[in-house]
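These protein sequence lines are chains A and B, in that order. At the far end of the first sequence sits residue 426, using full-length UniProt numbering, and the numbering has no gaps. At the far end of the second sequence sits residue 426, using full-length UniProt numbering, and the numbering has no gaps.
Source of the hints: derived by calculation from the structure; they are not laboratory data. Be careful, since some hints might not be right.
Identical copies go unnamed one by one, so any copy, or any two together, can satisfy a pair.
Distance condition first, Cα-Cα at most 30 Å in a straight line; then the derived DSSO-like pairs of lysine-lysine [unchecked claim]:
#, residue 1, residue 2
1, K241, K122
2, K70, K386
3, K386, K324
4, K122, K324
5, K324, K241
6, K7, K241
7, K241, K70
8, K7, K386
9, K241, K386
10, K386, K122
11, K122, K70
12, K122, K7
13, K324, K7
Protein chains: 2
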Amino acid sequence: MRTRPLKVALLGCGVVGSEVARIMTTHADDLTARIGAPVELAGIAVRRTGRVREGVPAELITTDATALVKRGDIDVVVEVIGGLEPARALITTAFEHGASVVSANKALLAEDGAALHAAAEKHGVDLYYEAAVAGAIPLVRPLRESLAGDKVNRVLGIVNGTTNFILDKMDTSGAGYSEALDEATALGYAEADPTADVEGFDAAAKAAILAGIAFHTRVRLDDVHREGMTEVTAADFASAKQMGCTIKLLAICERAADGRSVTARVHPAMIPLTHPLASVREAYNAVFVEAEAAGQLMFYGPGAGGSPTASAVLGDLVAVCRNKLAGATGPGESAYAALPVSPMGEVVTRYHISLDVADRPGVLAQVATVFAEHGVSIDTVRQQGKDGEAALVVVTHRAADAALSATVEALRRLDTVRGGREHHAR
Amino acid sequence: MRTRPLKVALLGCGVVGSEVARIMTTHADDLTARIGAPVELAGIAVRRTGRVREGVPAELITTDATALVKRGDIDVVVEVIGGLEPARALITTAFEHGASVVSANKALLAEDGAALHAAAEKHGVDLYYEAAVAGAIPLVRPLRESLAGDKVNRVLGIVNGTTNFILDKMDTSGAGYSEALDEATALGYAEADPTADVEGFDAAAKAAILAGIAFHTRVRLDDVHREGMTEVTAADFASAKQMGCTIKLLAICERAADGRSVTARVHPAMIPLTHPLASVREAYNAVFVEAEAAGQLMFYGPGAGGSPTASAVLGDLVAVCRNKLAGATGPGESAYAALPVSPMGEVVTRYHISLDVADRPGVLAQVATVFAEHGVSIDTVRQQGKDGEAALVVVTHRAADAALSATVEALRRLDTVRGGREHHAR
Chain A
1 MRTRPLKVAL LGCGVVGSEV ARIMTTHADD LTARIGAPVE LAGIAVRRTG
51 RVREGVPAEL ITTDATALVK RGDIDVVVEV IGGLEPARAL ITTAFEHGAS
101 VVSANKALLA EDGAALHAAA EKHGVDLYYE AAVAGAIPLV RPLRESLAGD
151 KVNRVLGIVN GTTNFILDKM DTSGAGYSEA LDEATALGYA EADPTADVEG
201 FDAAAKAAIL AGIAFHTRVR LDDVHREGMT EVTAADFASA KQMGCTIKLL
251 AICERAADGR SVTARVHPAM IPLTHPLASV REAYNAVFVE AEAAGQLMFY
301 GPGAGGSPTA SAVLGDLVAV CRNKLAGATG PGESAYAALP VSPMGEVVTR
351 YHISLDVADR PGVLAQVATV FAEHGVSIDT VRQQGKDGEA ALVVVTHRAA
401 DAALSATVEA LRRLDTVRGG REHHAR
Chain B
1 MRTRPLKVAL LGCGVVGSEV ARIMTTHADD LTARIGAPVE LAGIAVRRTG
51 RVREGVPAEL ITTDATALVK RGDIDVVVEV IGGLEPARAL ITTAFEHGAS
101 VVSANKALLA EDGAALHAAA EKHGVDLYYE AAVAGAIPLV RPLRESLAGD
151 KVNRVLGIVN GTTNFILDKM DTSGAGYSEA LDEATALGYA EADPTADVEG
201 FDAAAKAAIL AGIAFHTRVR LDDVHREGMT EVTAADFASA KQMGCTIKLL
251 AICERAADGR SVTARVHPAM IPLTHPLASV REAYNAVFVE AEAAGQLMFY
301 GPGAGGSPTA SAVLGDLVAV CRNKLAGATG PGESAYAALP VSPMGEVVTR
351 YHISLDVADR PGVLAQVATV FAEHGVSIDT VRQQGKDGEA ALVVVTHRAA
401 DAALSATVEA LRRLDTVRGG REHHAR
């Protein structure tokens, strides 16, 4: 066994970073045995010194991240700062100085993964980022290694714990969105500014990363259709319940039936209570992967939090250190398939549409005609009268999203339709 | 990209082997892109020629497996024969001739993993075996790579599809064991001789492999306590149902609370219907992994079958080929922790005990005294009288298995106890 330690620079010492530092210290012997050489924390870059970080060696703290990654003796840089800059510049500098990088930065990977992969490859180093998607749940490695001999057709799941916590609260307590958000904030599940989570940006970044790996195709954040969940109401949950359903924010990456294009999207969707994802509670994540030979696989676990994310970071750290010792690199970007990413209009999906309509003869015929005119076939329809109005619930068969949304627009223009709501359905 | 192909020898061409051959042919371009060089099927060893194998190139078929692995130009040997011999001799010969090995052979790995790992390491080649445990479900790679920076405390799950199919049938249809086994056999879920499955040998081999990887400790098949499921009756299911439970054959690998030893066992267990494993139906597999930092992860999918197993084999094939090209090897055996494997008596577990007792004063006191004398604490007790007899159901708190089984023996010796059944409970 080599005795000269591998040197690790840690960028960021918040919830995840401090946990990484703690485990590297307390489990040093295990890491040494698993890597085949000792690893040493050589420096920790933070934005501000002064704050007490329990269990983190104070003498390693620096505010000069750039100088740290440029030191020249760093083997691996662990980036847990998040955000685009200065993370991007620091990672690039790390590559230039021969360091491999383990990152938990989903936003950066989704935005600029191709360039980062290219830079890593150019300098003969690794870029690993299991922690960027679904915390501790192994997803990146299974997709890019375990299923490397298979053809993935769909990745579908709950990849944002904050919104799942909020939706679960709304479902179980009947609370409205803002009330559930307040609870999530109070319990630390939502940040002070929850936009990235509730508007689906976080899930969309993860969908871009997962789609890219699953389909060997570059998928950028801009390629991902994104709908947040701020407009889901308590009434929507009540209506879903009547249909034996609940509402989840899903990330869905699909290969088209003809195999010639892919799509990636994030939106709330009604799913039957019998669907395994319906029982994913609180801030947990769960992802289905459907592959040609493997069939349907599911991965479930805590999708965020300091310890779970640190577990994923350290798993990557061990792999990257082993590669360093072997003078090799792990699998880099695999984008050879280069399939086009289709826009949302071409996605084949189903809608669940609730309409408030005038309760008089001919209305159902009028509504049904609109569906027919747009070539959208109806799966189930249910009408219930109340005080001169009627509630009409239609679940469609699968059709292109463009046809479905045009149908909804046309329905809204009918003078017999007083209002309505539509949801994606699975 | 290198254009000289990597040469693969396939040992065995049954359900899994023929699917491996088929995918290697139909998805050759994808495999080439993912590996970085073409892979070529150089030979397929079978026991008997003559049988028509659809889609398998006849000119590659040979009955001389030894000559095939000794050819000298083989880069990777894929072993899907199963059983101890000739698989062991062929794998060893492959290593000696510089070939890496991908195996789906759980029996051999559980029996002789340490020696095989040592041989692979000696010759600087890889031994991968994702397919040996739970078919297509990535478990070996997540445990030995994704969680390499974490401390696994428990692996618990359903790892045998045949027995899960039988138990699921018994649960949903009220059928007895032999009736459900007949159905499993007719549908191809059980082999003509189902012993390896129903007596728990298959699950025990997987438990040995999983425990070894999870705890960085050598665990042999003999170290695994094994109880089959042939004695589970329709009455047991009826009784479980009354308690809001079902019965599953579980493989359980645990680190002791003090961290100084590990245990591995396979036995039927009563689990609450609310437990996620209770809803694992038909021949599916599902495994929980509990790690210190990651928390609780679950992996679910098809645990057997030609295509899923081939998916796992091919994922390993890609990894092993990439290692070959890089002149490196992947993680080998990690047994540095070398923790003792405790016998079943020291396992801390719970029992669910049903007793038929005489319905007269003092019986409950007598029974309760037996528990107290053995230091076993009672969680719940339920008594129901019928025709001069009473059914007494006791669920214990957690205690050492030795104390629990001694309690059961002592209860059997009471003259007021006419009969009874006990099950492990979770």
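Here's how the hints hold up against the structure:
1. K241 - K122: neither (53 Å within a copy, 61 Å between copies)
2. K70 - K386: Intra 71 Å, inter 81 Å, cutoff 30 Å: neither.
3. K386 - K324: For K386 and K324, neither the intra-copy (70 Å) nor the inter-copy (71 Å) Cα distance is at most 30 Å.
4. K122 - K324: Result: close both inside a copy and across copies, 15 Å intra and 21 Å inter.
5. K324 - K241: neither (53 Å within a copy, 54 Å between copies)
6. K7 - K241: neither (54 Å within a copy, 56 Å between copies)
7. K241 - K70: neither (57 Å within a copy, 64 Å between copies)
8. K7 - K386: Neither. Shortest intra-copy (71 Å) and inter-copy (72 Å) distances fail the 30 Å Cα cut-off.
9. K241 - K386: within (19 Å within a copy, 42 Å between copies)
10. K386 - K122: The answer is neither: 68 Å in one copy and 79 Å across copies each exceed 30 Å.
11. K122 - K70: within (17 Å within a copy, 38 Å between copies)
12. K122 - K7: both (21 Å within a copy, 29 Å between copies)
13. K324 - K7: both (11 Å within a copy, 27 Å between copies)
Checked against the numbered hints listed earlier, the structure breaks hints 1, 2, 3, 5, 6, 7, 8 and 10; every other hint is satisfied.
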